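Listed below, chain by chain, are the residues.
Number of protein chains: 2
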Amino acid sequence: MAKVLTPQNEDFPRWYQDVVTKAEMAENGPVKGQQVIRPTGYALWERMVSGMDDRIKATGTENASFPLLIPHSYLQKEANHVEGFAPEFWTVTQAGGKELEEPVVVRPTSETVIGEYMAKWVQSYRDLPLLLNQWANVMRYEMRTRLFLRTSEFLWQEGHTAHATYEDAHEFTLRILHEVYADFMERDLAMPVLRGLKTVEERFAGALNTFTCEAMMRDGKSLQMGTSHELGQNFSKAFDMQYLGSDGQQHLCWTTSWGTSTRMVGGLIMAHGDDKGLRVPPRLAPVQAYVMSVKDGEGVSEAARALHDELIGSGVRSRLNDRTDVAFGRRAVDAELKGYPVRIEVGPRDLAEGKAVVVRRVEGTKTPVALESVVKVVTEALEADQQAMFDEALRFRADRTVAVKTVDEAIEAAATGFAQLPWDVCGVEGEAKAAAKGVTVRCL
Amino acid sequence: MAKVLTPQNEDFPRWYQDVVTKAEMAENGPVKGQQVIRPTGYALWERMVSGMDDRIKATGTENASFPLLIPHSYLQKEANHVEGFAPEFWTVTQAGGKELEEPVVVRPTSETVIGEYMAKWVQSYRDLPLLLNQWANVMRYEMRTRLFLRTSEFLWQEGHTAHATYEDAHEFTLRILHEVYADFMERDLAMPVLRGLKTVEERFAGALNTFTCEAMMRDGKSLQMGTSHELGQNFSKAFDMQYLGSDGQQHLCWTTSWGTSTRMVGGLIMAHGDDKGLRVPPRLAPVQAYVMSVKDGEGVSEAARALHDELIGSGVRSRLNDRTDVAFGRRAVDAELKGYPVRIEVGPRDLAEGKAVVVRRVEGTKTPVALESVVKVVTEALEADQQAMFDEALRFRADRTVAVKTVDEAIEAAATGFAQLPWDVCGVEGEAKAAAKGVTVRCL
Ligand SMILES: [Zn+2]
Ligand SMILES: [Zn+2]
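Protein sequence lines correspond, in order, to chains A and B. The opening position of the first sequence corresponds to residue 2 in this note's numbering, with each subsequent residue numbered one higher. The opening position of the second sequence corresponds to residue 2 in this note's numbering, with each subsequent residue numbered one higher.
Since the hints were derived computationally from the structure, they do not count as laboratory data. Heads up, some of the hints might be wrong.
One copy or any two copies: either way a pair holds, since identical chains are not told apart in the list.
Claimed, not checked - When the alpha-carbon atoms are kept at most 30 Å apart in a straight line, the in silico DSSO-like pairs for lysine-lysine are as follows:
1) K99 to K78
2) K23 to K121
3) K33 to K438
4) K78 to K33
5) K438 to K277
6) K78 to K296
7) K78 to K121
8) K58 to K296
9) K121 to K277
10) K4 to K121
11) K99 to K33
12) K367 to K277
13) K277 to K296
14) K222 to K406
15) K78 to K238
16) K33 to K238
17) K23 to K238
18) K121 to K406
19) K58 to K121
20) K121 to K33
Owing to the predicted nature of the structure, the values given are computational and were not obtained by experimental measurement.
Using the sequences provided together with the hints, build the complete structure.
Listed below in structure tokens is the structure:
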């Protein structure tokens with residue numbers, strides 16, 4: 002059989018592009034840098050939204066919806082912010098057949114418009130903390146784009162909070178980093194993440210500090226999976242976000258913002274995929290068990306449906322594929338590509354012995370299992386493989402992380418993995434030197 | 002106590018505006034016609050998304066995500082479509098600091114871009130039906146706007162499907178109308194809806210037929226709650242959406258599209274609200290039971306929390322309000338405004354007798370209930386009030402619907418409710434005559 006995908010060690014970016022296309026995850030949109038997310042890719046994102054949303058709500062944060070278009074004047078109110086984002090603006094100049102009096106920008110992020118409204122809603126210390134989040138699309142102009150990883154339009158959540166004190170804002174920034182982001186990435190995505198500070202150079206435009214979750218991809222490179230920003234009083238000053246304290250005085254709020262996006266789908270692919278395609282961790286997987294009729298035969302279709310129903314009844318997210326009009330080999334390759342954790346193949350020969358074959362995507366094992374034991378075997382496999390994927394990713398990272406003593410050693414080590422170097426050895430100069438070689442300081 | 006809201010029968014639109022503002026549902030955005038949906042309003046929308054999404058998926062439809070910006074050239078491919086929507090375009094002309102070569106339009110709806118991709122994905126009759134949906138934001142320029150009801154930007158779902166035959170497309174259009182839209186509106190929103198065809202005048206731009214769900218508001222007027230369109234082969238011709246049939250010949254697909262939006266939130270408010278504010282049907286309600294500490298006192302806070310925990314444990318969506326630093330009266334008025342179905346008031350005096358007061362929003366009753374019976378009483382009230390709200394809305398509509406024999410009678414009847422008139426009596430001329438008096442033919 003011809004190789005479906007370019008092997009990872011031959012050309013990793015090409016492998017990534019192959020998986021995204023052939024597993025029907027996404028395609029380029031008609032306008033530069035935009036993407037069409039197909040059902041297979043979107044179902045992963047929906048599960049991410051669900052896992053993240055539960056954790057976000059558990060912090061007391063409520064969802065809301067702010068407008069897509071932001072007046073240019075709002076974006077200018079915080080100097081570093083506009084300087085950082087202006088080159089990426091998509092600008093609406095016409096509406097209803099007329100030129101607009103003031104051009105409006107498709108939101109690249111919503112600190113400014115949300116700042117304007119928070120300033121109205123926050124009056125007294127009793128209104129704080131004000132904890133908001135929105136699930137939305139944003140646009141940033143990009144010259145070079147890659148599906149899921151860097152696109153002009155992407156889907157994301159952006160949290161925005163206002164607090165009475167520096168300490169409260171600081172703690173909330175870290176709570177999001179650890180309890181929401183890292184917890185979701187490690188437990189649901191089975192991706193170990195490094196958590197720490199971004200350098201001044203890599204910080205969000207307008208922030209005091211940016212905290213990040215960084216994960217290692219299968220090419221040894223790092224991907225930024227989510228960031229949580231301490232905005233200090235920069236935006237509360239710009240939008241005059243004041244509250245009356247219990248001391249009867251007016252005070253400026255302390256704000257935070259934090260975001261994760263469809264880029265996580267790209268990270269998931271690159272952290273767990275192999276030369277056969279995607280591998281989806283069971284806890285995240287929209288389809289955990291994929292029940293296939295191998296070919297037509299006495300009772301095959303009925304047995305496949307019965308297993309599917311039994312799996313659903315036991316709380317397993319099962320999908321039935323009964324399309325015996327499509328060659329079995331082609332359907333099996335497609336199932337590997339899409340990375341369903343467990344496949345159950347129901348064919349006439351095994352069925353005659355009262356069995357079906359359970360194929361595990363992570364281990365690659367194919368085991369004939371008595372029909373009455375399938376649900377138990379599948380349930381245990383899903384549990385075990387979630388842990389196995391995390392352990393494997395952790396080992397992979399450990400094997401490719403070295404402690405180094407100089408910037409030159411760090412640059413060399415970064416070719417195959419992560420390098421750990423004390424910041425007082427590296428410093429801003431070391432960062433610039435590394436950057437010239439295409440190596441970035443990811444996490445302090 | 003001063004009236005919080007303008008009474009409905011004094012000025013219905015003003016009442017609506019008061020509820021939206023004072024129940025903290027939504028506000029105007031900074032750019033014309035846009036809206037900020039606040040947590041109280043957004044939580045209703047989230048529950049609508051959830052109830053609708055389950056029903057949409059039950060039809061076999063999968064979610065996907067298509068780009069926000071559509072090239073102008075795509076929109077021009079279907080003549081009636083572009084003619085209908087062009088006056089409402091919001092147009093992006095600049096990105097990344099440069100003028101775009103081709104202006105792009107913020108999607109007013111996505112038939113065109115989805116048509117382009119479906120044409121690629123559909124090759125053979127085996128690929129049909131192709132059933133897609135997206136949850137997204139769209140923009141249409143509007144001169145006169147009202148929060149939730151008519152806004153320049155709104156959130157919605159838009160379904161787009163391709164079928165092999167006219168019959169299959171026709172049946173799917175009706176399945177969405179009845180099994181998804183009307184079923185959700187009647188069961189979850191407790192809003193009876195009339196289902197039928199739109200006139201040629203009111204039809205979607207580019208459709209063969211538009212089916213609608215129409216609900217009566219408390220001012221006797223109709224609101225279009227959702228529409229399902231048969232697009233025939235108009236878009237498959239425009240985007241060359243062909244498939245190879247089992248007969249070895251190429252055929253054009255038959256397509257449908259269907260949508261519901263945040264306008265449903267406005268409909269919910271206007272169908273069920275009263276002079277005290279919103280009334281939310283229990284099945285939809287994000288907060289079904291609202292447990293309040295009346296004031297500080299021996300064991301009050303503990304008892305309130307215990308009831309809240311017990312309700313949550315019994316599957317009731319409960320929220321605890323323990324803010325005794327805010328006057329009880331103010332909190333109670335706010336709870337009425339926001340329309341929580343059941344309120345449980347825990348105060349020192351009742352508590353001393355082992356009781357709490359259960360207040361039902363629909364009936365307006367206040368009943369002291371033994372603590373150990375609260376969960377049972379609340380659960381039964383939620384069940385009963387869902388039905389009571391539907392029955393009330395149905396009676397209200399029946400009382401305000403008259404069968405008439407002439408267009409003049411219909412115009413007169415429309416001042417206070419619905420008029421039923423045979424279409425062969427009305428016709429296009431009657432429709433034009435009624436339109437001149439501000440009366441529209443809503444549903445055939
Ligand atoms: Zn102070
Ligand atoms: Zn034919």
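Do the hints match the structure? See the list:
With identical chains, the CA atoms of K99 and K78 are at most 30 Å apart both within one copy (27 Å) and between copies (23 Å). Only between protomers do K23 and K121 lie at most 30 Å apart by alpha-carbon distance; the minimum there is 14 Å, versus 49 Å within a single protomer. Taking the shortest alpha-carbon separations for K33 and K438, only the intra-copy value of 28 Å comes in at or below 30 Å, while the best inter-copy value is 48 Å. For the homomeric pair K78 and K33, the shortest alpha-carbon distances inside one copy (29 Å) and between copies (20 Å) are both at most 30 Å.
Proximity of K438 to K277 under the C-alpha cut-off of 30 Å is found in neither arrangement, the shortest distances being 32 Å within a copy and 67 Å between copies. Neither within a single protomer nor between protomers do K78 and K296 lie at most 30 Å apart by alpha-carbon distance, with minima of 65 Å and 44 Å respectively. In this assembly of identical chains, K78 and K121 lie within 30 Å of each other by CA distance solely inside one copy; the values are 16 Å within and 45 Å between copies. When the C-alpha separation of K58 and K296 is checked against a cutoff of 30 Å, the pair qualifies only between copies, where the shortest distance is 27 Å, while the shortest distance within a copy is 46 Å.
Taking the closest pair of Cα atoms, K121 and K277 come within 30 Å of each other only across two copies (25 Å); inside a single copy the shortest separation is 54 Å, beyond that limit. In the homo-oligomer, the alpha carbons of K4 and K121 lie at most 30 Å apart only across protomers (24 Å), although the nearest pairing inside one protomer, at 59 Å, exceeds that limit. For a Cα distance limit of 30 Å, the shortest separation of K99 from K33 qualifies both inside one copy, at 25 Å, and across copies, at 13 Å. Taking the closest pair of Cα atoms, K367 and K277 come within 30 Å of each other only inside a single copy of the chain (16 Å); across copies the shortest separation is 64 Å, beyond that limit.
For the homomeric pair K277 and K296, the shortest alpha-carbon distance inside one copy (23 Å) is at most 30 Å, but the shortest distance between copies (64 Å) is not. In this homomeric assembly, K222 and K406 come within 30 Å of each other (Cα to Cα) only inside a single copy, at 20 Å, whereas the closest approach across copies is 76 Å. In this assembly of identical chains, the alpha carbons of K78 and K238 lie at most 30 Å apart only when taken from the same copy (9 Å versus 49 Å across copies). When the C-alpha separation of K33 and K238 is checked against a cutoff of 30 Å, the pair qualifies only between copies, where the shortest distance is 26 Å, while the shortest distance within a copy is 36 Å.
For a Cα distance limit of 30 Å, the shortest separation of K23 from K238 across copies, 28 Å, qualifies, whereas the shortest one inside one copy, 49 Å, does not. Taking CA atoms no more than 30 Å apart as the test, K121 paired with K406 passes in neither setting, with 51 Å inside one copy and 54 Å between copies. Proximity of K58 to K121 under the C-alpha cut-off of 30 Å is restricted to the intra-copy arrangement: shortest distance 23 Å within a copy versus 40 Å between copies. Taking the closest pair of Cα atoms, K121 and K33 come within 30 Å of each other only across two copies (19 Å); inside a single copy the shortest separation is 37 Å, beyond that limit.
The earlier numbered hints that this structure contradicts are 5, 6, 18.
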